[in-house]
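Student: Throw the hints in and build the complete structure from the sequences for me.
Residue numbers (the working numbering), protein chains in the order written: chain U, 1 to 397; chain S, 1001 to 1455.
Do not take every clue at face value.
As a list, the in silico SDA-like pairs of lysine to any residue whose alpha-carbon atoms are at most 20 Å apart [as the list claims (entries may be wrong)]:
| no. | chain 1 | residue 1 | chain 2 | residue 2 |
| --- | --- | --- | --- | --- |
| 1 | S | K1063 | U | Q46 |
| 2 | S | K1142 | S | L1118 |
| 3 | S | K1164 | U | A331 |
| 4 | S | K1288 | U | V39 |
| 5 | U | K91 | S | S1178 |
| 6 | S | K1344 | S | Q1377 |
| 7 | S | K1142 | U | V290 |
| 8 | S | K1164 | U | V290 |
| 9 | S | K1441 | S | F1203 |
| 10 | S | K1063 | U | W291 |
| 11 | S | K1077 | U | E40 |
| 12 | S | K1142 | U | Q46 |
| 13 | S | K1164 | U | S168 |
| 14 | S | K1441 | S | T1309 |
| 15 | S | K1350 | S | L1118 |
| 16 | S | K1433 | S | K1344 |
| 17 | S | K1142 | U | V39 |
| 18 | S | K1184 | U | N163 |
| 19 | S | K1142 | U | W291 |
| 20 | S | K1164 | U | K91 |
| 21 | S | K1063 | U | A165 |
| 22 | S | K1164 | U | G156 |
| 23 | S | K1184 | U | F155 |
| 24 | S | K1164 | U | W291 |
| 25 | S | K1164 | U | V15 |
| 26 | S | K1142 | U | F170 |
| 27 | S | K1142 | U | A110 |
| 28 | S | K1184 | U | S158 |
| 29 | S | K1063 | U | V290 |
| 30 | S | K1142 | U | R43 |
| 31 | S | K1063 | U | N163 |
| 32 | S | K1164 | U | F155 |
| 33 | S | K1164 | U | S158 |
| 34 | S | K1142 | S | P1065 |
Because the hints were derived from the structure by calculation, they are not lab data.
The lines below spell out each chain.
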Amino acid sequence: MTLQHRRIVIVEGSVQHIALRLTRAAAIIAVVCGLPYMVESFRLGQITGACTYAMVIVGLNLLAGYGGQISLGHAAFFGLGAYTTGVLTTKHGVPPLASFAVDIVLAFAAGALVALPALRLKGIYVALVTLAVGLIFPALVSRFDSLTGGSAGLFGVSYDPPNMAYFSGFNGGTLWHYWLVVAGLGLSCLVVRNLMRSRFGRGVVALRDNESAAVVMGVQRIPVRAVTFGTSAAIASLAGGLFAVTNGILTPDSFSLLLTLYFLAGMIIGGTGSLWGPIFGGFVVYYVPVWAADLSSLNAGTNYAGVLLGAIIIVITFVLRSGAVGLLRSATGLIFVVQPRTPTATRTSRRSAPGGAAASGGSSTEGAPPGTGRHPGHDTTTDGAARPVRSEASYRL
Amino acid sequence: MRTKVAIATLATLALGLTAACSSPSSGKGGGGKATGGPSSGGASGGQSAAQKAAAALGIDLSKCPTDITKPLTGTVKVGTTLAQTGPIAAALAPVGVGEKAAIADLNATSGLPIKFSLTIKDDQFSPDKTLTAVQELIQSDKVDLLDGVIGTANLIAARGVAEKYCVPIIAGSAGGTSANQVSKYPFTTVTGAPFYLDAEGWFGYLKEKFPNGAKIALLTANTDSGKDYLAAVDDLSKGTNFKIVSRTTLDATAAAAPSSQVTTMRSSGADVLLAQPSPGPQCAALIKEVAQQGWKPQAFFITNSCSPTALVAPAGPAAQNVLCNLYLNDPNSPSAADNPGLQKVLAAIKKVQPSGPIVGSNLSGYGYIEILFKAAQQAAQSPLGLSRLGILYAATHLTYQPAFLQPGVDYSLDYPKDEVSVESEVLSTFDAKAGQWKTIKVLGYEGQLTGKASG
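Tutor: Right, here's the structure in full:
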């Protein structure tokens, strides 16, 4: 018997499949809720920082992973959010929550604006447009020092925890920051997940894979690209706002071009075009410099962060192109495989038995691949012919 | 079916959140109330002295998460941050060598019943990294004391966490007034000459040299320290015959020669140039540029941050007669050989760094740790004993002549009368041929800068 035959096959939508997903959700909840009890306050602060980076990479992944457009300006959007929150809360007394909303709106507009010149460009040239944004931001922060504190930094950014028993202890502030960032990360993941499962998301992927064909098929290039860029920037900016209140100090050095390269590295290491990859990548790019700093302290003067990240990227590029999440998928794929439903779907049967034949391979158009079943004029399942409802690739989205 | 799954997941999530997150106080890393305090322990017989000392420093002992009056025993952990990597690591990394040398040397010779161990974390001289490093030092490495955090912005970043955990920062090195706020941050003590002192020295000389006043061109770094210099010069020139005819700034990261700034200042018709470039290649570049443009101001002062000869000597003959107020000792100065205290320190550093030249940063590092040992020795003799509070109190009431400071320049603190540790400096002029500074005279402002260079 081959390994292929020994794998557990779980049919999508079956009781086992639902149980598997619930178990996964429960495990995530347990880890998220349990972390404050399991790690010391300092480690929780580090995890908060890593989640902030993960948020930016989730946003970057929407643009670069799903959309195929490389951005070298995401540290600038991250910084835009951080300084917006910093300036609004410290100099104008705006509540932090309101400043987060301003972060999102401002960065969405800035992202959409940057997307416009990038529309006429492709590949490396898009990267160069965003590179300009990434390079100019730290200089602007230094230039407008009366507002931003310049190179000396902006101090005193904070968001006090609410008056609840849970946050009243000595480490209440750390806990509060943790939950703020976890909520931000969850929201970002939800936005990206839902966008990519919608018609809009299929448009994003179609433009990445074959722009001409996508436009011919009716994908609105300008709004799709602009909204993708804007959303990606808005997520990075919200992460920046959270970074500001959790860190308390902002300096232009914190948002240098190097940080964007770290974000890109995190996206590649975690796995592009996936939901969990950016989260894993965020932790990697946060913790590698931390460990490297410890190594540097032991071997005074030698910076290992760049060396370590470089080595990891080289290994991933040659050995593991789908990133860490791809490796995990391959590993779990050796144990079990989720088999997509392979029903024959007709408009009539869908109406009469919505989802009722999931376990037995009945008909449904749920999760149909792009361009089939869900949109008027594109429903091609009325012939009654058997077809896979969801390819493995689309299921991963 | 998907809707049902989603509802089930959400319900599980809500249940999970309610169940797992409703009892925060029981968690190890959670929000448990701070316990301990002076009443739970303390030096026997020293409780009232501790209360008195804490009150004098403006410390509320009941807010401290641990008992800072408890005597320290065995090996006491000390933490510091340092730019071991990054753009200015070359200038600051030698500080770490000096600190390690001081720990090894003074542990053996100080006669204290405790030993100090040192943990150094890299902060790349970036304030946000300093904050992270200090958090790790206090929360993870559990250091009892911090020492020698360098940089005004870095010290500001570090002190918030230090205050929260009641961990004293001994000999934080900063020149900015904003870093030295004794009443608000009683756990943070600052060493290093304040920028105000440097400007005070400039005007002390100018008033003698130009009794009828002069026109001043002022170049400052586009940093927080630059703002301090600007404020000090404005304050000191107020009500005098000295008129600032040109103000230019230089970006801290600028690599090119400051041609346009020098042109602007030269064309203003200024008699005097007061310059505060960022320490590094900018010092020599500015001096060279002034000479290359043929400008010969009657007095040319450069910030004491540029005082290491290695930063000025590359300007060659252009540096002749440039003025500077020195406060840090130079191990390579001709007078170093006649200074037995300095030679002892150099010998200790040589043990840790057998090869390579000893530079001023090595001396500074030794000095930051030496202040800690001096404070500990004084605390051991006091009713407060060798506790964190005792060492902090001693460090804020300490006067001595460290080897890392110029002869005649003391470390002297006596809160609340004297909140500024370095209040004198040595007016010097550069001898380009010898490649050394030549002493003119010691300028002393002892006890005069509290309130001006402290907040």
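Student: Each hint should be assessed against the structure and marked as holding or not.
Tutor: To see whether the hints hold, each was checked on the structure:
{"no.": "1", "hint": "K1063(S) x Q46(U)", "in the structure": "25 Å, violated"}
{"no.": "2", "hint": "K1142(S) x L1118(S)", "in the structure": "12 Å, holds"}
{"no.": "3", "hint": "K1164(S) x A331(U)", "in the structure": "46 Å, violated"}
{"no.": "4", "hint": "K1288(S) x V39(U)", "in the structure": "55 Å, violated"}
{"no.": "5", "hint": "K91(U) x S1178(S)", "in the structure": "18 Å, holds"}
{"no.": "6", "hint": "K1344(S) x Q1377(S)", "in the structure": "19 Å, holds"}
{"no.": "7", "hint": "K1142(S) x V290(U)", "in the structure": "18 Å, holds"}
{"no.": "8", "hint": "K1164(S) x V290(U)", "in the structure": "23 Å, violated"}
{"no.": "9", "hint": "K1441(S) x F1203(S)", "in the structure": "14 Å, holds"}
{"no.": "10", "hint": "K1063(S) x W291(U)", "in the structure": "33 Å, violated"}
{"no.": "11", "hint": "K1077(S) x E40(U)", "in the structure": "19 Å, holds"}
{"no.": "12", "hint": "K1142(S) x Q46(U)", "in the structure": "16 Å, holds"}
{"no.": "13", "hint": "K1164(S) x S168(U)", "in the structure": "15 Å, holds"}
{"no.": "14", "hint": "K1441(S) x T1309(S)", "in the structure": "18 Å, holds"}
{"no.": "15", "hint": "K1350(S) x L1118(S)", "in the structure": "18 Å, holds"}
{"no.": "16", "hint": "K1433(S) x K1344(S)", "in the structure": "29 Å, violated"}
{"no.": "17", "hint": "K1142(S) x V39(U)", "in the structure": "15 Å, holds"}
{"no.": "18", "hint": "K1184(S) x N163(U)", "in the structure": "25 Å, violated"}
{"no.": "19", "hint": "K1142(S) x W291(U)", "in the structure": "18 Å, holds"}
{"no.": "20", "hint": "K1164(S) x K91(U)", "in the structure": "24 Å, violated"}
{"no.": "21", "hint": "K1063(S) x A165(U)", "in the structure": "18 Å, holds"}
{"no.": "22", "hint": "K1164(S) x G156(U)", "in the structure": "14 Å, holds"}
{"no.": "23", "hint": "K1184(S) x F155(U)", "in the structure": "15 Å, holds"}
{"no.": "24", "hint": "K1164(S) x W291(U)", "in the structure": "26 Å, violated"}
{"no.": "25", "hint": "K1164(S) x V15(U)", "in the structure": "52 Å, violated"}
{"no.": "26", "hint": "K1142(S) x F170(U)", "in the structure": "16 Å, holds"}
{"no.": "27", "hint": "K1142(S) x A110(U)", "in the structure": "44 Å, violated"}
{"no.": "28", "hint": "K1184(S) x S158(U)", "in the structure": "18 Å, holds"}
{"no.": "29", "hint": "K1063(S) x V290(U)", "in the structure": "31 Å, violated"}
{"no.": "30", "hint": "K1142(S) x R43(U)", "in the structure": "13 Å, holds"}
{"no.": "31", "hint": "K1063(S) x N163(U)", "in the structure": "19 Å, holds"}
{"no.": "32", "hint": "K1164(S) x F155(U)", "in the structure": "16 Å, holds"}
{"no.": "33", "hint": "K1164(S) x S158(U)", "in the structure": "15 Å, holds"}
{"no.": "34", "hint": "K1142(S) x P1065(S)", "in the structure": "13 Å, holds"}
When the structure is compared with the earlier hints, violations turn up for hints 1, 3, 4, 8, 10, 16, 18, 20, 24, 25, 27 and 29 and for no others.
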